[in-house]
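With the sequences and hints as input, model every part of the structure.
Heads up: the protein sequence lines correspond to chains Z and E, in order.
Be aware that the first sequence starts at 192, since it is given in the numbering used here, and climbs by one per residue.
Be aware that the second sequence starts at 14, since it is given in the numbering used here, and climbs by one per residue.
A portion of the hints provided could be inaccurate.
Computed footprint of chain E on chain Z, listed as stretches where at least three residues anywhere in the stretch have a Cβ under 8 Å from a Cβ of chain E [stated by the list, open to error]:
#1 220 to 226
#2 255 to 266
#3 311 to 325
Here are a few chain E residues that sit away from chain Z, every Cβ distance over 10 Å (derived from the structure) [claimed, not checked]:
#4 Arg46
#5 Leu79
#6 Tyr104
#7 Asn331
Since the hints were made in silico from the structure, they are not lab data.
Every residue gets a Cβ at the ideal spot worked out from N, C-alpha and C, and that includes glycine.
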Amino acid sequence: MSEPMKLEFQLEQDNFDFAGVPSSRIKKVLQQIGVKNEIIRRVAVASYEAEINVIIHSLGGSIKALIFPDRTELYLEDIGPGIPRVDLAMQEGFSTATDKIREKGFGAGMGLPNMKRCSDEFEISSEVDVGTKIKMIIFHNK
Amino acid sequence: METFFRSVGLKADRCKGCVSCIKRCPTEAIRIREGKAHIIESKCIDCGECIRVCPNQAKFAITNHLEDTDIYKYNIALPAPSLFSQFELKYSVEAILCGLLRLGFDDVYEVAKGAEIVAFKLKEYLRQDGVPKPVISNACPACVRLMQISYPELIPHLLPYEPPVEVAARIARTRALENNPLLQADDIGVWFIGPCPAKMTAVVHPLTEKSSNLNGVIAVSTIYGKLHKTIPRTDAEFAECDNRLGELARWGGVTWGVAGGESDSVDSPRGTGLIVHGIHHVKEMFEQLSDMKLTGVEHVEVLACESGCVGGALMVQNRFVGEHNLRTRIDAMKTDKNADRFSIDGKNLELMEMCESCAPVKIYQPVPIDENMSEALRKVEQMEQVLKQLPGLDCGSCGSPTCKVLAEDIIRGFAAETDCIFKLREKVRDMARAMVDLAEHLPPSFEKSEDKRDDC
Chain Z
192 MSEPMKLEFQ LEQDNFDFAG VPSSRIKKVL QQIGVKNEII RRVAVASYEA
242 EINVIIHSLG GSIKALIFPD RTELYLEDIG PGIPRVDLAM QEGFSTATDK
292 IREKGFGAGM GLPNMKRCSD EFEISSEVDV GTKIKMIIFH NK
Chain E
14 METFFRSVGL KADRCKGCVS CIKRCPTEAI RIREGKAHII ESKCIDCGEC
64 IRVCPNQAKF AITNHLEDTD IYKYNIALPA PSLFSQFELK YSVEAILCGL
114 LRLGFDDVYE VAKGAEIVAF KLKEYLRQDG VPKPVISNAC PACVRLMQIS
164 YPELIPHLLP YEPPVEVAAR IARTRALENN PLLQADDIGV WFIGPCPAKM
214 TAVVHPLTEK SSNLNGVIAV STIYGKLHKT IPRTDAEFAE CDNRLGELAR
264 WGGVTWGVAG GESDSVDSPR GTGLIVHGIH HVKEMFEQLS DMKLTGVEHV
314 EVLACESGCV GGALMVQNRF VGEHNLRTRI DAMKTDKNAD RFSIDGKNLE
364 LMEMCESCAP VKIYQPVPID ENMSEALRKV EQMEQVLKQL PGLDCGSCGS
414 PTCKVLAEDI IRGFAAETDC IFKLREKVRD MARAMVDLAE HLPPSFEKSE
464 DKRDDC
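This is the structure:
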């Protein structure tokens with residue numbers, strides 16, 4: 192198995208200027224290696240939602256993409272409040288975002304459900320007052 | 014591999030090999046090689062940005078001349094609504110159309126009448142259930158081409174009907190055959206009179222699987238001088254067009270000539286429609302749409318030229334003047350006795366409906382950096398390494414628009430690292446140092462006496 196290409200980005204709390212930068216970088220690499228557009232779209236949506244989640248809800252964190260010839264793995268890690276009820280957070284429309292965040296057009300409660308919908312494998316673990324970790328895998332040939 | 018026709022050409026003697034066009038091109042389709050601009054045809058979308066930005070007028074659009082109509086027995090002019098923006102209000106639409114007839118065309122048919130029909134269908138389509146939202150307009154061929162090349166995942170969002178110019182051409186052709194029983198289909202030439210290099214490509218190399226209903230494009234800038242002279246000024250001149258002009262298009266069609274017109278014509282509810290003009294802005298919007306970052310938007314009007322077609326690359330008037338002229342004309346039409354939004358002939362609507370299935374556009378897959386994905390991945394990594402070594406000034410002196418594109422060109426084998434003048438200078442400096450070092454290093458037999466080694 193060849194070595195994956197690694198892209199890693201730090202995410203800061205409330206820094207919306209940076210939102211979308213990691214997902215466009217990942218997207219560009221996938222385009223260059225010839226991954227199909229539908230697949231790229233899923234990776235881009237999953238990583239964008241992930242970035243936004245960290246920026247809105249946590250105190251900061253990182254997103255890492257490992258790009259293999261056959262798949263992209265996305266790793267998300269943040270420190271912060273964590274998610275008390277992961278089952279609730281996975282429901283469409285469930286949101287704990289503040290009004291201020293909603294005014295910006297975010298916080299519709301679709302983040303986690305969208306991330307799950309876009310990935311082939313999805314794992315989440317969260318500890319209250321510590322942080323959240325998410326792993327997503329998207330295969331290139333599905 | 015298919016062959017591409019591009020409607021942007023280069024007058025090589027005028028091109029100085031400056032970097033204006035490579036920096037402005039939205040698809041990074043231009044490189045400077047041997048002192049001249051070269052277009053990578055598979056990437057070009059004919060938006061006309063390079064024509065607009067070239068300080069030496071070296072770029073031009075390959076469009077038709079009036080003489081090209083000579084080979085047809087019967088010629089029909091299809092003026093774009095934006096043509097009216099080139100004339101002050103004192104010249105009526107009738108006068109401009111009559112001017113086209115007096116130039117030698119056998120018939121005229123306004124593209125705005127095609128736009129009325131598309132607007133009518135678009136209005137209906139927006140209300141249908143299960144339609145992929147937002148619906149993206151397909152009236153601008155440069156935007157459609159951009160989508161085909163870079164955002165094919167958005168194609169299901171395109172309005173699945175023929176664009177106004179094709180609808181108008183179909184109607185004009187059918188009408189001509191009905192009214193002139195002696196004519197054969199091959200006798201008729203249908204010519205778009207507009208400001209758009211992308212339309213020309215769409216004629217020669219259609220966006221859909223179907224061939225175009227047009228025979229060619231005559232640029233506004235080509236025809237303007239002559240048309241200005243043939244616009245009737247006296248009653249006798251006007252009389253030449255008696256009974257030759259059909260019913261005029263209403264404001265709901267004419268308004269398509271300016272940004273926001275399409276949205277205005279379908280009267281989309283406040284807050285559900287977006288109007289995006291200028292190809293760089295359109296690209297940004299496609300990026301957003303592709304990542305599904307927009308919600309609650311029903312309709313997106315996209316136009317490659319700023320201000321819409323009135324800002325076309327092949328116009329004569331300044332775009333703000335053109336926009337003012339057309340908007341003033343539309344305002345006047347809205348308060349006219351014929352102020353209806355549309356006036357659509359049921360028969361023409363049928364002609365449009367016959368063609369609902371001819372809209373799906375072709376898709377171009379971008380060429381990956383290597384056919385083998387593992388190898389491609391390795392090359393992308395290599396590219397990152399090359400990029401880190403480049404100065405990141407994006408000066409364009411190497412002939413590629415940015416350092417990033419140069420890195421890709423190097424890996425693809427189209428350029429060398431020393432094409433970068435900074436890398437070249439570094440290499441020259443290293444070589445000079447090496448020469449000095451070598452010059453100082455003398456064989457032992459040449460050594461001077463004061464440098465004598467102990468063992469001697």
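A quick look at each hint next to the structure:
1. Check result for the stretch 220 to 226 of chain Z against chain E: holds, 6 residues qualifying (beta carbon to beta carbon below 8 Å, three or more required).
2. Only residues whose beta carbon comes within less than 8 Å of a beta carbon in chain E count, and the stretch 255 to 266 of chain Z has 4; three or more means the coverage holds.
3. For the stretch 311 to 325 of chain Z, the proposed coverage by chain E is not satisfied: 0 residues have a C-beta within less than 8 Å of a C-beta in that chain, short of the threshold of three.
4. For E:Arg46, the shortest C-beta to C-beta distance to chain Z comes to about 22 Å, beyond the 10 Å cut-off, and the non-interface label holds.
5. Distance to chain Z confirms E:Leu79 as a non-interface residue, since its nearest Cβ pair spans about 43 Å, more than 10 Å.
6. Distance to chain Z confirms E:Tyr104 as a non-interface residue, since its nearest Cβ pair spans about 46 Å, more than 10 Å.
7. Look at E:Asn331: its CB is around 35 Å from the nearest CB on chain Z, clear of 10 Å, so calling it non-interface holds up.
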